[in-house]
Amino acid sequence: GLVDRIFTRIGAQDDIATGQSTFMVEMTETAALLMQSTPRSLIILDEVGRGTSTYDGMAIARAVVEYIHNEPRLGCRTLFATHYHELTALDAELPRVRNFHMAAVERDGRVVFLHELRPGGADRSYGIHVAELAGIPASVIRRANDLLAELEGHTARPMDQRVEPSSDGERVLPPAPSTAGSMQLSLFDLVPHPVVEYLRRLRIEELTPLEALNRLAELQRLAQEG
1 GLVDRIFTRI GAQDDIATGQ STFMVEMTET AALLMQSTPR SLIILDEVGR
51 GTSTYDGMAI ARAVVEYIHN EPRLGCRTLF ATHYHELTAL DAELPRVRNF
101 HMAAVERDGR VVFLHELRPG GADRSYGIHV AELAGIPASV IRRANDLLAE
151 LEGHTARPMD QRVEPSSDGE RVLPPAPSTA GSMQLSLFDL VPHPVVEYLR
201 RLRIEELTPL EALNRLAELQ RLAQEG
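For the sequence shown, the UniProt record's numbering gives the first residue as 1, with consecutive numbering after it.
Take these hints with a grain of salt, some might be off.
What the hints assert, rightly or not - Label-pair restraints from in silico Cβ distances:
| no. | residue 1 | residue 2 | range |
| --- | --- | --- | --- |
| 1 | R77 | H115 | 14 to 24 Å |
| 2 | P72 | P194 | 42 to 52 Å |
| 3 | Q13 | G75 | 29 to 39 Å |
| 4 | I10 | L114 | 16 to 26 Å |
| 5 | G153 | Q36 | 18 to 28 Å |
| 6 | R107 | T28 | 37 to 47 Å |
Hints were generated in silico from the structure; no laboratory data involved.
Heads up, the beta-carbon is just placed ideally off N, CA and C, and yes, glycines get one too.
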């Protein structure tokens with residue numbers, strides 16, 4: 001039916017003139033739509049929480065979903081796009097939440113995006129494939145795949161989720177199950193490496209060349225202690 005207003009939180013950019021970071025802009029806009037929406041509004045949110053650390057971002061994203069769903073003066077129709085796989089478990093906890101994903105198939109070892117919306121959450125991300133399509137050097141792609149395989153080495157896909165080829169040779173990548181147990185590597189299953197934590201806290205845009213070299217030396221030390 002008709003809506004009284006449409007609120008969107010899409011895009012990522014700093015507001016240099018006012019000294020606001022990408023994340024501050026994102027939070028300011030999110031706060032505005034949460035305060036001004038009504039039960040008859042339409043809310044469109046894209047990647048809420050991406051501008052801060054992974055855990056902070058995921059916590060904020062989930063809290064926003066729960067607030068829209070549970071707040072008596074809201075409960076409006078909402079489209080919420082995210083790459084936080086853990087959030088797909090919300091469909092089992094919040095009665096009005098439904099998961100959908102954009103379908104993809106694998107052909108000859110390459111992922112092809114179908115631009116087709118299907119029920120269920122995605123069980124993996126395709127960041128490395130997108131990076132390859134964008135022209136990232138092949139050596140970087142190979143290294144990224146090696147690192148991903150290493151990280152996911154202890155998270156095998158359950159038998160009922162294995163991908164079977166179709167009659168025409170394509171492998172349809174399945175949606176995620178209703179629980180988070182068999183997703184692509186959960187953030188809660190991985191103990192962050194000190195180097196990763198150091199990088200998350202590092203504000204590269206504020207470093208001078210000399211400070212950057214000093215930070216690089218510190219990263220090397222942490223990696224060697226590893």
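Structure-based check of all given hints:
| no. | hint | result |
| --- | --- | --- |
| 1 | R77 to H115: 14 to 24 Å | holds (22 Å) |
| 2 | P72 to P194: 42 to 52 Å | holds (44 Å) |
| 3 | Q13 to G75: 29 to 39 Å | holds (30 Å) |
| 4 | I10 to L114: 16 to 26 Å | holds (22 Å) |
| 5 | G153 to Q36: 18 to 28 Å | violated (47 Å) |
| 6 | R107 to T28: 37 to 47 Å | holds (43 Å) |
This entry does not satisfy hint 5, going by the numbered hints stated previously; all others are met.
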